[in-house]
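Using the hints provided, position chain W relative to the given structure of chain R.
Listed here are the chains, written in short residue letters.
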Amino acid sequence: MARGQTGAAGRRKANGAGEQPAQTGKTQSGKDELLKYYRDMLLIRRFEERAGQLYGMGLIGGFCHLYIGQEAIAVGVEAAKRPGDQIITGYRDHGHMLVSGMDPKEVMAELTGRAGGSSRGKGGSMHMFSTEAAFYGGHGIVGAQVPLGTGLALADSYRGDGKVSFTFFGDGAANQGQVYEAFNMAELWKLPVVYVIENNQYAMGTAIQRSSAETRLHKRGVSFNIPGEEVDGMDVLAVKAATEKAAAHARAGNGPFILEMKTYRYRGHSMSDPAKYRTREEVDEVRKTRDPIDHVEEMLEKNGWADEATLKAIDAEVKKIVADAAEFARTSPEPEPSELYTDVYTELPA
Amino acid sequence: MTDILMPALSPTMEEGTLAKWHVKVGDNVRSGDVIAEIETDKATMEVEAVDEGTVAEILVPEGTEEVKVNTPIARLGGEGGAAAAPAPAPKAEAAPPQSRAEASGDPERKPPEVDAKPRPEGEGAAPVTPKVALRDPELPAGVQLVKVTVRDALRDAMAEEMRRDADVFLMGEEVAQYQGAYKVSRGLLDEFGPKRVIDTPITEYGFAGLGVGAAMAGLKPVVEFMTFNFAMQAIDHIINSAAKTLYMSGGQIRSSIVFRGPNGAAARVGAQHSQDYAAWYGHVPGLKVVAPYDSADAKGLLKAAIRDPNPVVFLEHEMLYGQEFDVPEGVDWVVPIGKAKVRREGTGVTLVAYSRMVGFCLQAAEELAKEGIEAEVVDLRTIRPMDIETVVASVKKTNRLVTVEEGWGPMGVGAEIAAKVTELAFDYLDAPPMRVHQEDVPLPYAANLEALSMPSIERIVKAAKAVSYK
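Respectively, the protein sequence lines represent chains R and W.
Following our numbering, the numbering of the first sequence begins with 1 at its first residue and continues without gaps.
Following our numbering, the numbering of the second sequence begins with 1001 at its first residue and continues without gaps.
The following block holds chain R by itself, in its conformation from the complex (with noise of 0.2 Å):
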């Protein structure tokens, strides 16, 4: 098997608490919107590996988080989102850039800092942004993408164009006390926004049950009256149907939703983290009974959808992409010196 040692035979089935899968039936539809999920998370997961392996011969620098283990998140919103949906993170934010539709190779010509990087190398990593795409970003604080989110949604509300903001944070970002100013003005004004707490159980080093007293992070709304739900954030079909759900509950003026993700990171938080807060067999049981890909592809089997050699056509394709997201990102030159000094003020027009 590509990604797991032994394939998907031992995976665990959608949690009991959440949204059972969302049933495609063997239609064209259900194939091809699997095959795409399917594409796009090999697409972040290749891409991500590509990355590790760059910062590994110190062509990215600084901090890198990568996203591994966690495609089926990303993908699973992307794909219940529509067309001018606001998105916002954290720095974890690879994946969520590379699905709305933001070229690779600006994504990882900014890892590498260069001028063809989508901020032109002055973010790198955790700063990269793309109004074309709605994807706001790319935040560093921990949590402060929260407000920024919901701030996302008031103008939607002001506008009242219909939009929903998705904002995503993680485990150890639930509990940072601006999620909870935020949670309360978004409540309190009906705001369109859905809350997506990527719980990945460590917040750097720092397992859930070490650092919250509520670890049903679904539940953090509810002095709030905020509705959330536990999702199998393994599950691209579970995380596509809650989702959906979540932002048909926002866009109707109903406020604010959660929706809780269980998920787990195979790497360490950052690249320069060797995880020794968690055993290998911890994350070895994880790749082989959840891995997110594994589960799709044991889907597309199933059903007959792909064979072997279609499967192989969607790596080439995956590879060809990230290989020449590498090539661009290692020869797009350093930003010029001149570089420095602009965008620090966005100039009076005239």
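Source of the hints: derived by calculation from the structure; they are not laboratory data.
The C-beta atom is built at its ideal place from N, Cα and C for all residues, glycine as well.
Watch out, some of these pointers could steer you wrong.
[Said to hold, decoys possible] Distance ranges between label pairs, derived from CB positions:
#: 1; chain 1: R; residue 1: Pro337; chain 2: W; residue 2: Glu1138; range: 39 to 45 Å
#: 2; chain 1: W; residue 1: Gly1187; chain 2: R; residue 2: Ser211; range: 46 to 52 Å
#: 3; chain 1: R; residue 1: Ala252; chain 2: W; residue 2: Met1001; range: 54 to 60 Å
#: 4; chain 1: W; residue 1: Gly1193; chain 2: R; residue 2: Gly205; range: 45 to 51 Å
#: 5; chain 1: W; residue 1: Asp1427; chain 2: R; residue 2: Thr346; range: 33 to 39 Å
#: 6; chain 1: W; residue 1: Asp1165; chain 2: R; residue 2: Asp32; range: 44 to 50 Å
[Stated by the list, open to error] Subject to a maximum C-alpha distance of 16 Å in a straight line, what follows is the list of computed EDC-like cross-link-like pairs (lysine to aspartate or glutamate):
#: 7; chain 1: R; residue 1: Lys190; chain 2: R; residue 2: Asp161
#: 8; chain 1: R; residue 1: Lys31; chain 2: R; residue 2: Asp307
#: 9; chain 1: R; residue 1: Lys276; chain 2: W; residue 2: Glu1046
#: 10; chain 1: R; residue 1: Lys105; chain 2: R; residue 2: Glu327
#: 11; chain 1: R; residue 1: Lys190; chain 2: W; residue 2: Asp1199
#: 12; chain 1: W; residue 1: Lys1470; chain 2: W; residue 2: Glu1374
#: 13; chain 1: R; residue 1: Lys105; chain 2: R; residue 2: Asp324
#: 14; chain 1: W; residue 1: Lys1303; chain 2: W; residue 2: Asp1156
#: 15; chain 1: W; residue 1: Lys1465; chain 2: W; residue 2: Asp1430
#: 16; chain 1: W; residue 1: Lys1024; chain 2: W; residue 2: Glu1057
#: 17; chain 1: W; residue 1: Lys1042; chain 2: R; residue 2: Asp273
#: 18; chain 1: R; residue 1: Lys320; chain 2: W; residue 2: Asp1051
#: 19; chain 1: R; residue 1: Lys276; chain 2: W; residue 2: Glu1037
#: 20; chain 1: R; residue 1: Lys288; chain 2: W; residue 2: Asp1033
#: 21; chain 1: W; residue 1: Lys1068; chain 2: W; residue 2: Glu1014
#: 22; chain 1: W; residue 1: Lys1195; chain 2: R; residue 2: Asp161
#: 23; chain 1: W; residue 1: Lys1020; chain 2: W; residue 2: Asp1033
#: 24; chain 1: R; residue 1: Lys276; chain 2: W; residue 2: Glu1039
#: 25; chain 1: W; residue 1: Lys1042; chain 2: W; residue 2: Glu1015
#: 26; chain 1: R; residue 1: Lys31; chain 2: R; residue 2: Glu301
Positioned in the frame of chain R, the structure of chain W alone reads:
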């Protein structure tokens, strides 16, 4: 064939020990497989495979110490599968295996110098914008000047801009139904309704963040802090979210937002409610910082701040809210940010101040005039970007400088002005610049101690005489 290189596992790692191999020659590896363990002085880390293939050769045996980053440590043979895309050749980094010794001597941490095309869209360096001479708008003939309090001038500025632009809205504690904690927003709820005049909970960090998020989405929020002392809870969003994002996004994400409210000491409210933040925000690139003195500037600069595409910190003063000054009536009065104003001309000494201290300086100038010293009073109006040219021009005339601020002295606004003037007009100075500021203590409550701590007209006069050697 693909070389596997000794990876760097942290931003600072240059070499490490190859502690253990998990694979041997002939093993098949897939992306994500743990193939080796590496020890640095800080930690042991596992190395995962990125490329797929068969281990063809182990180049560095386990147990080898001081292996430089980017040294080839193993070679992978391809799978030979026809569907596999060509492996991306790490050209610049991959040293030929024969020259291992040389390769290990050079970690090649520097990005390779490559002739590559710049981005096609021509996003080269933006041309440096020529400096525009900023001046206050000309008053049309026959315009009436009317007495308006600073409080109402601020309100009028917001009302005019909200009428002009539907994207402008006001949010903050007690701004709507209560009509403003200091009555600055009086009447705005009636005219604009609760959608555009928003009462927030007491939650500075949160609502400042919401404001910045709404600004990123293209609205133009005016965020009122009941006082700037409470904005310290929100300073992360003012600096990290509002001021830095334009830069970090390569110019994509703007935050056209005004953070406003009273700043500095009121009267007998103690240390936590009496701080001047001009130097704090003045320190930060990406922010503009404005601190007006009279009603015309309060109105004209607030209108400019709301129109500005950048985040603006707008520092008002509670002790000025009730004071009346002339404001031109019936004109779209917009005063440019970044331009100081000479409030009193003189040749004896330059007094530089902002906000309430401008009034103190004008009174001190009257005292000084009685003793034969004609002071020139420069009202900075904007802290950042600072109009140092106007200050320097004045010093070149008077040869003496006294700065006055409510904030503490160390690393303060006066310190910055003194440094700049020393740099730009050293030969013109007939005396070392002097700074008048709050004493270097938290502001005391007791009336006598508070008075001793704050800048006063007497202290300004004393400083001006000192630099005049009188």
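**Q.** Hint numbers not upheld by this structure, sorted from lowest to highest
**A.** none
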